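*Asks:* Here is how the chains run, residue by residue.
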Amino acid sequence: MKKIFNLSIIALSLFIGSCNNDKQNTEQTTAADATTTAGGQEAVKDDESAKDVVKIAVGSKDHTTLVAALKQAELVTALSNAGPFTVFAPTNAAFDKLPAGTVEGLMKEDKKADLQNILQYHVAVAVYKTENMKDGQVIGQANGDNITLSVKDGKVLVNGTANIVASIPASNGIIHVIDAVLLPPAKK
Amino acid sequence: MKHMFSRSMLVVSLAAAGFAFLQGCKPKGAQSAVGGDAAAKVYVAPGKYDEFYNFVSGGFSGQMSVYGLPSGRLFRVIPVFSVDPEKGWGYSEETKPMLNTSNGFVPWDDLHHIALSVTDGAHDGRWAFGNANNTPRIARIDLKTFRTAEIIEIPNSAGNHSSPFITENSEYVVAGTRFSVPIGDNQDVPINTYKQNFKGTVSFIGVDKTSGKMNIAFQILTPGINFDLARAGKGKSNGWFFFSCYNSEKANTLLEVNASQKDKDFIMAVNWKKAEEYAKAGKGVKKTVKYAHNTYDESTHTATSAIENEVLVLDPKDCPDMVYFMPCPKSPHGCDTDPTGEYIVGSGKLAAVIPVFSFTKIQTAIAAKTYDGEYDGIPVLKYDAVLHGEVQKPGLGPLHTEFDGKGFAYTSFFVSSEIVKWNIQELKVVDRVPTYYSIGHLCVPGGPTKKPWGKYVIAYNKITKDRYLPTGPELTQSAQLYSIDGDKMKLLLDFPTIGEPHYAEAIPAELIMKNSQKIFKIEENKNPYAAIGDNNAKVERKGNEVHVYMTSIRSHFTPDNIEGVKLGDVVYFHVTNLEQDWDVPHGFAVKGANNAELLIMPGETQTLKWVPEKVGVFPMYCTDFCSALHQEMQGYIRVSPAGSNVPLTFSTGKTEPAPAAQQ
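Residue numbers (numbering that gives the first Met the number 0), protein chains in the order written: chain V, 0 to 187; chain P, 0 to 662.
One chain only, chain V, in its complex shape:
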């Protein structure tokens, strides 16, 4: 990037300088030193706004596995966006319930697509609050597959396996803490 810029400055100075032979002024100083944050929206410095779904997850000691997985799957930037998102957030204990080696396997570089698929299966683009959830409701998830909700006595169960044990509003959506990892349906 910088190289291209330097080249264009030289080209420009050659063009303009062709009359006055004044070619010494090719310093490549950019005028300003202060810089915005590198990276995506997750890197924006902001201590005033409410926390987004990523920042809430990062701040939870029960979600270290999920956060590590989101980083490995390169989903942190997307989930720091305006959303709005509904994130079904399995606890560390929920990941621990998976067969031994599953998480470690998914964290390998060559399994990134599988990890992304699973994590995106935990995200819907819209805000679904528990009070608006209905028994039998089907929700399309970010990976393209559906989840099905069942509501009994005010308790919500996802795909018949994962209980919503807590719900936390975030600046860009809502997090539902669940006690089991949701597994996308097998590809047909």
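It should be emphasised that the hints constitute simulated quantities derived from the structure, not laboratory data.
Keep in mind that this is a model prediction, so the values were computed, not measured.
Think of the CB as a built atom: it goes at the ideal place given N, C-alpha and C, for glycine as much as any other residue.
Fair warning: there could be bad hints in the mix.
Unchecked claim - In the BS3-like style, the derived pairs of lysine-lysine whose C-alpha atoms are separated by at most 27 angstroms in a straight line are:
id	chain 1	residue 1	chain 2	residue 2
1	V	LYS44	P	LYS143
2	P	LYS47	V	LYS70
3	P	LYS47	V	LYS54
4	P	LYS198	P	LYS235
5	P	LYS517	V	LYS50
6	V	LYS128	P	LYS249
7	P	LYS143	V	LYS50
8	P	LYS368	P	LYS405
9	V	LYS44	P	LYS517
10	P	LYS212	P	LYS289
11	V	LYS50	P	LYS47
12	P	LYS513	V	LYS44
13	V	LYS54	P	LYS454
14	V	LYS50	P	LYS212
15	P	LYS520	V	LYS50
16	P	LYS487	P	LYS464
17	P	LYS517	V	LYS54
Unchecked claim - Cβ pair distances, simulated, as ranges:
id	chain 1	residue 1	chain 2	residue 2	range
18	P	LYS608	V	VAL150	48 to 56 angstroms
19	V	GLU73	P	SER298	35 to 43 angstroms
20	V	ASN91	P	LYS590	47 to 55 angstroms
21	P	LYS608	V	LYS133	34 to 42 angstroms
22	P	GLY642	V	VAL150	41 to 49 angstroms
23	V	LYS154	P	GLU539	32 to 40 angstroms
24	P	GLY642	V	ASP61	25 to 33 angstroms
25	V	LYS128	P	PHE104	37 to 45 angstroms
26	P	LEU566	V	VAL137	53 to 61 angstroms
27	V	ASN145	P	LYS590	33 to 41 angstroms
28	P	LYS464	V	GLY39	58 to 66 angstroms
29	P	PHE104	V	LYS154	55 to 63 angstroms
30	P	LYS464	V	LYS128	31 to 39 angstroms
31	V	THR129	P	GLU473	51 to 59 angstroms
What the hints assert, rightly or not - Some chain P residues well away from chain V (every beta-carbon gap over 10 angstroms; in silico):
id	residue
32	LYS194
33	THR252
34	GLU275
35	ALA351
36	HIS555
37	ASP580
38	VAL583
39	ALA595
40	LEU628
Given chain V, put chain P in place with the hints provided.
*Replies:* Below, chain P without anything else, positioned relative to chain V:
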């Protein structure tokens, strides 16, 4: 025939040669005035910040714009004196009172000058002040929010041009009247009784140290002349204010000719510390006059307009040693004090010299009463006694002067379209650069303060013929950025501006950006119509008023289905943005509203008044792309005929079928 042919060939070839010469080498042309390193000097790479904020007056747009320097990128247009449908400014119920005046609601004005707040004569980054030139007012913009926080009307004034210049510790901003006018009980007088009946005033508007809140501390009654521009003293001259005046002829018609008769007009020197003492000592007279004072409360997110009834007027006749006139050649426009406070530079629009006055000599002349008579009872100091010297033949049409803190002054010349750099002590021109074209004001970052930041001078031009792609009869006005860190000024960049730029100030970004507010805390929202949380959303009828307490959060309104409104009702949508996330405003608009949109900042409540004119179902939606489901952020409001028995109902997310009777 052959002869003619060869002659025309000759013309053609000469023209071609000339063309080639021009194309190959344009030594004095506008384009080659740009040095080879100019691009690098103004290039602010993606992800990098500009070094300075440039607050630029919008002139007849009535607004203030904010650019980055050196890039010339436009960041924001702050609505001040003119309505702005884009931001709902002057359209929402909460902001309408900001534009109230003693003449009622005034939707437009002409903002000419900027004054940034200072502490000990240096920028402190707290507030920007702007003047309304037509219906005299001063506005204070809060630089935490980049919004207009307060507007005060200036009574006994007409054409608030000589404003809002500021004292060394922001004690006062001033407002000198451009037009003298009849003042007092009988204002219905023949215009040609100008000399008997017309008076001028300069007002000193106190600024509260902590809150910034303004009040008119006192006005000084002056002869019926025109005040043009002004600067406070600083350093050794702190405590004084200098106002340029023209039309000492007291003409009331064809001023183009009749106000240019005398060789010299005046700079009026005011000892404001003395004026302060007189005001405290009760030397002033409280005059009854109505003027509006509008404030925007950040906790209620609502403006209120109060009408004040009184102003304290000091008459120089009763207050000796407070006001003096200094002769200044030919209708002075700019009146600028250098960073040391010793030198006051007058710029006579029609003068062939730039006179520079010495504060030390002014004090000596006052002490020794070295007068050249009186003007309407006010002592006139002898020109030669107060003059440091004149810059001879500096250019044509001097207007304004800024300073770099290194002993140099930069004066704009409208007629000769140039900036001239000169040595203040020696009164010698050291450099000049053309501007394209017809420069008015100019700005050095920190130029009017005790601590100029230097580095650049920016020209604000009135005419841009051929500088940009043409856009019909009216072309953009423009700014031009020059570097001043070397011996020679160098043109770096042209950038277009909104409205017509008059004065501007530039300030290091770090003085402002660290204080920039990101959201309004929802728990601190004290708007009486706020709905804090979806559960508090409701619709209430009060007679023919329907109040919708609505919330917005990604990505829905609550309520989004409303029925039971009837023709003849007046609907108020009080929309609370529940977001607590930086840069996530929501908009609100309803079809057919004879109004604008609302643009509601995170944590804020704003109200749109809607008087439905037709029966039917009217869509409403979020106008600011807020989220992936922004397009889904919409709803309906049903309007029934007057006398209809449709009950008032509201809901969000209710999907049950309607009862048969109401289908």
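*Asks:* Take the hints in turn and mark each one as holding or not.
*Replies:* Hint check:
A hinted pair counts as satisfied when its Cα atoms are at most 27 angstroms apart, and LYS44 of chain V with LYS143 of chain P qualifies at roughly 17 angstroms. This hinted pair checks out: LYS47 of chain P and LYS70 of chain V have alpha carbons roughly 26 angstroms apart, not beyond 27 angstroms. Restraint check for LYS47 of chain P and LYS54 of chain V: satisfied, since their Cα atoms lie roughly 25 angstroms apart, inside the 27 angstroms limit. Distance check on the hinted pair: LYS198 of chain P and LYS235 of chain P sit about 31 angstroms apart at the alpha-carbon level, beyond 27 angstroms; violated.
Simply put, LYS517 of chain P and LYS50 of chain V have alpha-carbon atoms about 13 angstroms apart, close enough for the 27 angstroms limit, and the pair holds. Proximity of LYS128 of chain V to LYS249 of chain P is assessed by CA-CA distance (about 73 angstroms); at most 27 angstroms being required, the pair is judged violated. With a C-alpha separation of about 22 angstroms, the suggested pair LYS143 of chain P and LYS50 of chain V falls inside the 27 angstroms cut-off, and the hint holds. A hinted pair counts as satisfied when its Cα atoms are at most 27 angstroms apart, and LYS368 of chain P with LYS405 of chain P does not qualify at roughly 33 angstroms.
Proximity of LYS44 of chain V to LYS517 of chain P is assessed by CA-CA distance (about 11 angstroms); at most 27 angstroms being required, the pair is judged to hold. For the hint linking LYS212 of chain P to LYS289 of chain P, the alpha-carbon distance of about 19 angstroms falls within 27 angstroms, and the restraint holds. Taking the CA atoms of LYS50 of chain V and LYS47 of chain P, the gap is near 25 angstroms; set against the 27 angstroms cutoff, the hint holds. Restraint check: the Cα-Cα separation between LYS513 of chain P and LYS44 of chain V comes to about 11 angstroms, which is no more than 27 angstroms; the hinted pair holds.
At roughly 41 angstroms between alpha-carbon atoms, LYS54 of chain V and LYS454 of chain P are farther apart than 27 angstroms, so this suggested pair is violated. For the proposed pair LYS50 of chain V and LYS212 of chain P, the alpha carbon gap of about 34 angstroms is over 27 angstroms, so the pair is violated. Restraint check: the Cα-Cα separation between LYS520 of chain P and LYS50 of chain V comes to about 13 angstroms, which is no more than 27 angstroms; the hinted pair holds. Between the alpha carbons of LYS487 of chain P and LYS464 of chain P the distance comes to roughly 26 angstroms, so the proposed pair stays at or under 27 angstroms and holds.
For a cut-off of 27 angstroms, the pair hint linking LYS517 of chain P to LYS54 of chain V stands: about 17 angstroms separates their Cα positions. Between LYS608 of chain P and VAL150 of chain V the CB atoms are about 41 angstroms apart, so this pair departs from the stated range of 48 to 56 angstroms. Between GLU73 of chain V and SER298 of chain P the CB atoms are about 42 angstroms apart, so this pair conforms to the stated range of 35 to 43 angstroms. Separated by about 50 angstroms at the C-beta atoms, ASN91 of chain V and LYS590 of chain P satisfy the suggested range of 47 to 55 angstroms.
Distance hint for LYS608 of chain P and LYS133 of chain V: a CB-CB separation of about 37 angstroms, consistent with the stated range 34 to 42 angstroms. Between GLY642 of chain P and VAL150 of chain V, the C-beta spacing of about 43 angstroms keeps the proposed range 41 to 49 angstroms intact. Judged by the Cβ atoms, the range 32 to 40 angstroms given for LYS154 of chain V and GLU539 of chain P holds: they are separated by roughly 35 angstroms. Look at GLY642 of chain P against ASP61 of chain V: about 59 angstroms separates their beta carbons, and that is not inside 25 to 33 angstroms.
LYS128 of chain V and PHE104 of chain P have their C-beta atoms about 42 angstroms apart, which keeps the hinted 37 to 45 angstroms range intact. A C-beta distance of roughly 42 angstroms is found between LEU566 of chain P and VAL137 of chain V, which places it outside the suggested range of 53 to 61 angstroms. The supplied range of 33 to 41 angstroms is met by ASN145 of chain V and LYS590 of chain P, whose beta-carbon atoms lie about 35 angstroms from each other. Between LYS464 of chain P and GLY39 of chain V the C-beta distance comes to about 45 angstroms, which lies outside the given range of 58 to 66 angstroms.
Checked against the hint of 55 to 63 angstroms, the pair PHE104 of chain P and LYS154 of chain V passes, with Cβ atoms roughly 56 angstroms apart. Taken as a hint, the range 31 to 39 angstroms is violated for the pair LYS464 of chain P and LYS128 of chain V, whose Cβ atoms sit roughly 60 angstroms apart. The hint said 51 to 59 angstroms for the Cβ distance between THR129 of chain V and GLU473 of chain P, and at roughly 58 angstroms that hint holds. Once the 10 angstroms rule is applied to beta carbons, LYS194 of chain P is consistent with being away from chain V; the minimum gap is 54 angstroms.
Once the 10 angstroms rule is applied to beta carbons, THR252 of chain P is consistent with being away from chain V; the minimum gap is 50 angstroms. With a closest Cβ-Cβ approach of about 40 angstroms to chain V, GLU275 of chain P is found to remain outside the 10 angstroms limit, as its non-interface label requires. No Cβ of chain V comes within 10 angstroms of the Cβ of ALA351 of chain P; the nearest lies about 33 angstroms off, and the non-interface call holds. With a cut of 10 angstroms on Cβ distances, HIS555 of chain P falls inside the contact zone with chain V, its closest approach being about 8 angstroms.
With a closest Cβ-Cβ approach of about 4 angstroms to chain V, ASP580 of chain P is found to fall inside the 10 angstroms limit, against its non-interface label. Consistency note on VAL583 of chain P: stated as away from chain V, yet its beta-carbon is not over 10 angstroms from all of that chain's, at 6 angstroms minimum. Non-interface call for ALA595 of chain P relative to chain V: holds, since the shortest CB-CB distance, roughly 24 angstroms, exceeds 10 angstroms. Residue placement check: LEU628 of chain P does not keep its beta carbon more than 10 angstroms from all beta carbons of chain V (closest about 6 angstroms).
The earlier numbered hints that this structure contradicts are 4, 6, 8, 13, 14, 18, 24, 26, 28, 30, 36, 37, 38, 40.
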